[in-house]
Each structure stands twice: as C-alpha cells, then as structure tokens.
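There are 2 protein chains.
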Amino acid sequence: MKKIVVDLLGSDNPPALLLKGALEAAAETNDFITVLVGNSDEIEAAVKSSGIDRKKIEIADARDYIKNTEAPTAVLHGRENASLSVCYRILSEDPDAEALVSAGSTGAVLVGSIYKLGLIENVHRPALASAFPTDNGGQVCLLDCGANVDVKKGMLVELAHLGSAFCSALLGKERPSVSLLSVGTEDKKGTLFTKDAFEQLKNSRLNFVGNVEGYDILTGKTDVIVCDGYVGNVVIKLCEYMGKATALRAKQLLREHGFEGTDALMHDLYREYDYNNRGGAIMLGAKKVVIKAHGAATDETILCCYRMAAQLAKNDLVNRTAKIFSEFGA
Amino acid sequence: MKKIVVDLLGSDNPPALLLKGALEAAAETNDFITVLVGNSDEIEAAVKSSGIDRKKIEIADARDYIKNTEAPTAVLHGRENASLSVCYRILSEDPDAEALVSAGSTGAVLVGSIYKLGLIENVHRPALASAFPTDNGGQVCLLDCGANVDVKKGMLVELAHLGSAFCSALLGKERPSVSLLSVGTEDKKGTLFTKDAFEQLKNSRLNFVGNVEGYDILTGKTDVIVCDGYVGNVVIKLCEYMGKATALRAKQLLREHGFEGTDALMHDLYREYDYNNRGGAIMLGAKKVVIKAHGAATDETILCCYRMAAQLAKNDLVNRTAKIFSEFGA
Numbered sequence: 001m002k003k004i005v006v007d008l009l010g011s012d013n014p015p016a017l018l019l020k021g022a023l024e025a026a027a028e029t030n031d032f033i034t035v036l037v038g039n040s041d042e043i044e045a046a047v048k049s050s051g052i053d054r055k056k057i058e059i060a061d062a063r064d065y066i067k068n069t070e071a072p073t074a075v076l077h078g079r080e081n082a083s084l085s086v087c088y089r090i091l092s093e094d095p096d097a098e099a100l101v102s103a104g105s106t107g108a109v110l111v112g113s114i115y116k117l118g119l120i121e122n123v124h125r126p127a128l129a130s131a132f133p134t135d136n137g138g139q140v141c142l143l144d145c146g147a148n149v150d151v152k153k154g155m156l157v158e159l160a161h162l163g164s165a166f167c168s169a170l171l172g173k174e175r176p177s178v179s180l181l182s183v184g185t186e187d188k189k190g191t192l193f194t195k196d197a198f199e200q201l202k203n204s205r206l207n208f209v210g211n212v213e214g215y216d217i218l219t220g221k222t223d224v225i226v227c228d229g230y231v232g233n234v235v236i237k238l239c240e241y242m243g244k245a246t247a248l249r250a251k252q253l254l255r256e257h258g259f260e261g262t263d264a265l266m267h268d269l270y271r272e273y274d275y276n277n278r279g280g281a282i283m284l285g286a287k288k289v290v291i292k293a294h295g296a297a298t299d300e301t302i303l304c305c306y307r308m309a310a311q312l313a314k315n316d317l318v319n320r321t322a323k324i325f326s327e328f329g330a
Numbered sequence: 001m002k003k004i005v006v007d008l009l010g011s012d013n014p015p016a017l018l019l020k021g022a023l024e025a026a027a028e029t030n031d032f033i034t035v036l037v038g039n040s041d042e043i044e045a046a047v048k049s050s051g052i053d054r055k056k057i058e059i060a061d062a063r064d065y066i067k068n069t070e071a072p073t074a075v076l077h078g079r080e081n082a083s084l085s086v087c088y089r090i091l092s093e094d095p096d097a098e099a100l101v102s103a104g105s106t107g108a109v110l111v112g113s114i115y116k117l118g119l120i121e122n123v124h125r126p127a128l129a130s131a132f133p134t135d136n137g138g139q140v141c142l143l144d145c146g147a148n149v150d151v152k153k154g155m156l157v158e159l160a161h162l163g164s165a166f167c168s169a170l171l172g173k174e175r176p177s178v179s180l181l182s183v184g185t186e187d188k189k190g191t192l193f194t195k196d197a198f199e200q201l202k203n204s205r206l207n208f209v210g211n212v213e214g215y216d217i218l219t220g221k222t223d224v225i226v227c228d229g230y231v232g233n234v235v236i237k238l239c240e241y242m243g244k245a246t247a248l249r250a251k252q253l254l255r256e257h258g259f260e261g262t263d264a265l266m267h268d269l270y271r272e273y274d275y276n277n278r279g280g281a282i283m284l285g286a287k288k289v290v291i292k293a294h295g296a297a298t299d300e301t302i303l304c305c306y307r308m309a310a311q312l313a314k315n316d317l318v319n320r321t322a323k324i325f326s327e328f329g330a
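These protein sequences, in sequence, are chains C and B. Numbering of the first sequence is given in this note's numbering, commencing with residue 1 and proceeding in unit increments. Numbering of the second sequence is given in this note's numbering, commencing with residue 1 and proceeding in unit increments.
Be a bit skeptical, because a hint or two may be false.
Identical copies look the same in the list; a pair holds intra-copy or inter-copy alike.
[Unchecked claim] Heads up, simulated DSS-like pairs for lysine-lysine below, C-alpha to C-alpha not over 27 Å straight-line:
id : residue 1 : residue 2
1  : Lys67     : Lys189
2  : Lys323    : Lys173
3  : Lys3      : Lys287
4  : Lys20     : Lys48
Read the hints as simulated data drawn from the structure, not as lab findings.
Isolated chain C (complex conformation) (with noise of 0.2 Å):
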C-alpha cells in the first residue's frame, strides 16, 4: 500500500499535538499507511491508546530536528538522525512513499526535495503554491509563494506549468485557467518582465487567459495566478492578515454596538482566513508530494495537509506533472 509520510517535530508545538492531527487522518483514511517520524516510544504508546489499527501505522525513531538557525543542508549530510533527514531517507528508499507532510525549516524542506528526492525531468527549480477559498466558493491556486523569489526569465511559464498540474491533481480540473499577476487586467499592463511572461504565457498549451490584479486574486475568475515569489509571499501573507484584522474588527464593532451572541460567528470567520488551519504550501517540481506545513501547525493543520497529501497523490500530480514537462524536452 503507498503511504504518506509524516514529520512529527519541527513545528512550534508540541510534537504530541501534530500526532493528534496525523492519528485522525491516518484513522479516516484507508488508501494509505501513515508513517510517524518522531520519537518512537510515544509515537507507539499514542498509536495504542487511539485504537487504530496498527498495520495502518509504521514508525521511524528522530528524537531531533533541524532548526531554521542551521544552514538547510544539514538535511543532507550530517544530520542523519534528524526527523526531517529521516523523513527523505524514507521517502527516497521507499518505492511506495509518496508523500511528505514537515511543518520543519522550509529552507530544509526545499533542499531534500530537490536533492533527496530529484526534480522532474526538465524543471528546473520547486515551486511553493498555496491554494486559498476564493469569494464564489472555490479555489485558486497561487504560486510562486517565495521558494523563488529573483526569478528569471522564462520562468513564469514554468511556474504556470506546474501550477496548472497542481490545481488539476488538487481540484480535478482538466484544463485550469491560468492567469498572470499584474498592475491591471489590460494585455499591455504590467512590468517589462510580466509583460514577456505574458507573450510566452500566450504562445503556450496552457490555457491562459490573461492579466489579474490586485482585486481579482480572491474572486474566484481564475483558477491558477503566477508570479513571482517575492509579490507572492507578500499577498499570501498579506491575504491572511487581513481577513483575520476585519473579522476581529468586525467582532470588536458588533461588542461596542452591544451585539450579543456573534463573537463566535466572527470567530468563525476569522478562522476562514487562517490559512495555516485549512492546510499548507505544495512544493512543487518534485518527484514526490512535498507538502510544507506552517512552522506553527496544530493538530488540525497535520490533517489538513494529510488530506492536500493523499488527494494530490491519489490524483497523480507528479506524474501528470511529468507528462506536462516531458513535452518541453528534447
């Protein structure tokens, strides 16, 4: 059976809080086996008081993880007893290993997968998306959300590619709607650079439909938007601040107005925003799922990403993704 790998150290948090949110997903799913990365003996004492099935359950021992203070090559030579090390040790010598959800270093994360699992055949560099609720009830797929953020020419097509891969494995898409991030939604708006993405992004197979705005992102008009990653990472970041700061103003105004009852409604919507509770970013490019969890997942963030992990495996991203890049070869 595949199985979906899971670092539980790393995070902000305690260790025992994300294995609370890798036991629930590894309870509801019976198309994986879950394998917990963290100290051994409360992994195993844990795994028994839940009453899951054991055989749905397989343990690796790491008492310890690499920081974000060390340099993120540590995931490759020297700290081999790393969680995160041990983690790509897994998924590189594993043929059923599909997946990897790490809440450790990003910068770590990043190198063993390029270097631990290999890149797809004609990508040059991962890519780091987020899929945000959009207004209409869906979803757009945002990328590059920082892995790449002094990008060259050419490589907003490739980031297209990818995006348009991932929204496809994520959202069951054949051919997503892939737009290009800019100062307006004219053809001729926008930097020198966007605008020469915006020819290339034209003369591609991907269905591009042109410029989105600052207004546009959360719409719901299209369903993949690239950049690159330094204006991604301020919108995401910015994106997140921003429905959490109104929600909880418009809590403090219902207060002040003598509302009673609402503070959890606005709760609940403060919650909609908080982005590191509905799952976390996708490395993409890969020759595995890569999902980076936020640096202060919970519980409930372990199985949000639990569940991006297994629906992307399920829906063959890496090989739809390598179909997609196997044209550009040669």
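Dock chain B against the given chain C, drawing on the hints supplied.
Just chain B, lined up with the frame of chain C:
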C-alpha cells in the same frame, strides 16, 4: 490667498456629483480659494444656489476631458481645452495655485505633473503614494503604488525620501520610520534588488527600521513602506478588495444566523476599507501638490482628496521635499 484647483471632469461619475463634493470642501475651508474647472454655466448656477461666499470660488471653463484611451501626452499638446489641460495651465501660470485634485486619466495627470509643473530638483521620477488606515488607529504611507512598475537600482531610496517627506506633511511626524517591503523581517531576507536597497536605506539619513513582510503592512508598526510599483499596486488593490469582501462575508454570516440590525454596522466596516471614499493617491515629486482621485470618484472622494491636498499644501510638502533632495545635489 492660496488656491486649490479641482478638475470636475474625467470621473466615471457625473460632474455635478464631483462639484457637490468640491463645494462642500470649499465651504469648510478658510485657507484656500477653490478653482473649479468644468462647465462654467453649471458651476456658476450651483455656486449661486449653494449660498457659498462667491469670493471663495474661481471658475475656469472646460467642456471636455482627456479620456483613458487617449495618449497621456494629450495633456501637453492638442487638447488645450480639455479640463486637465486647463487645470495644469492654471497651476503653471498662477503662483497662488498650490494643489490639484483630479479624477482624470492617471497617465495624463502624471505627464502633466512632470512636464507642466516640473519635478523638484534631484527627483528623477514622480511616485504614487497612498495612505492607509492601520489597525492601531494610525496611518501608513505606502509607495510606489503603480507609477513605477520597473524600478531601477537606487530608486527605492528616492521613493523612501519622497515617502518620508509625504508622511511628515500628512501626519506631522518629524522623522517617520521607514521600512522596506520584503519576504521576511530579517535583514537578510529579500530579493537581490531589495537586499541592495536595504544596504542603501541603512546608510541613508532616513529613519530606516528594516524589513517588513505582508503580515505587517496594516499593523501600524511603521510609518512609511517602500516597494516597487508592481507589488505596491497589487497590495493596494488587494487590501481594498479583501477588507470589503470580508465585511460583506461578515454581513452575510450574521444574516444567515438570524442576527438582526447588524447590516448598517457591517456596511460601515465595508466603507472603512473603501479607500476610494477616504481620499486619493498622491503624485509625489512634482513642484505642486497633485492628488489623483479614483476614476470612480464621488462627492465624498473629492471632499477627502481636497482635505488631503489642503493638509499637504499647508504643511509645505513641496518645500519639505525640496529641502531633502537639495542635499543630493552637486
């Protein structure tokens, strides 16, 4: 007496609506004569019926305006009778005319500010800045908001000086704190471009306090945020959209759950994020105060923009800026 020139044409809304806002503004100020540019017959009639002191008003006739589809350089030649051309003629000929408020073509406003007013010595390009309300009750000045989407090396430092002078004049802060928009708060985070700007800002005379990320833009932890016009444009549009969308979602949720009487409150919240109703963007770097109101400007927009223009003219934005930039000469 000093004068503020208001262009009544070129908005998506009827000139009569903009005139209403301009007359309200004129009525409340005792520091400026208001120069109204538009259909002089209609203006004269409206002034008369408003009961406003006629000595507070000057009228210049214009029956047509430069459209967004026209070349912005039309403001320089070929469209001498268009309202914006008339405005710039007054501003360039009348030394008492200190400020312009226009909802017309952004490109034409920009071109006019460069070639009809001229740039302050040592300023290379005008910038577009916005002031946003922050969650701690203050305001933050963000620039560039779209006038400079392709920024060259060194331009962010120039933007920072323009923004610092703007913030001083608008908020009365002597040494506003200036931040650089990046992908993390650490000094080393950013693109090659922002890292270079970081070093220049650190070595400038500005009160530079380091990097901010997407989470920080609206917290009020900094007075001025500089970034290129591409990301700045995405940010202002996203902020406006998200605030409104979240407020609408709150309204909808409250309705669905049977809370009555909350609509008006949520509508107030919605309007808090309607930056168009709060004022306009300002073109910095020109030898007079130039406020670009939103293309969908209403009476309220014009009133807000007028107040901002008056504040900046009173607080001597242009001379403050000139003083700062004089240090960069020779």
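Numbers of unmet hints, in rising order:
none
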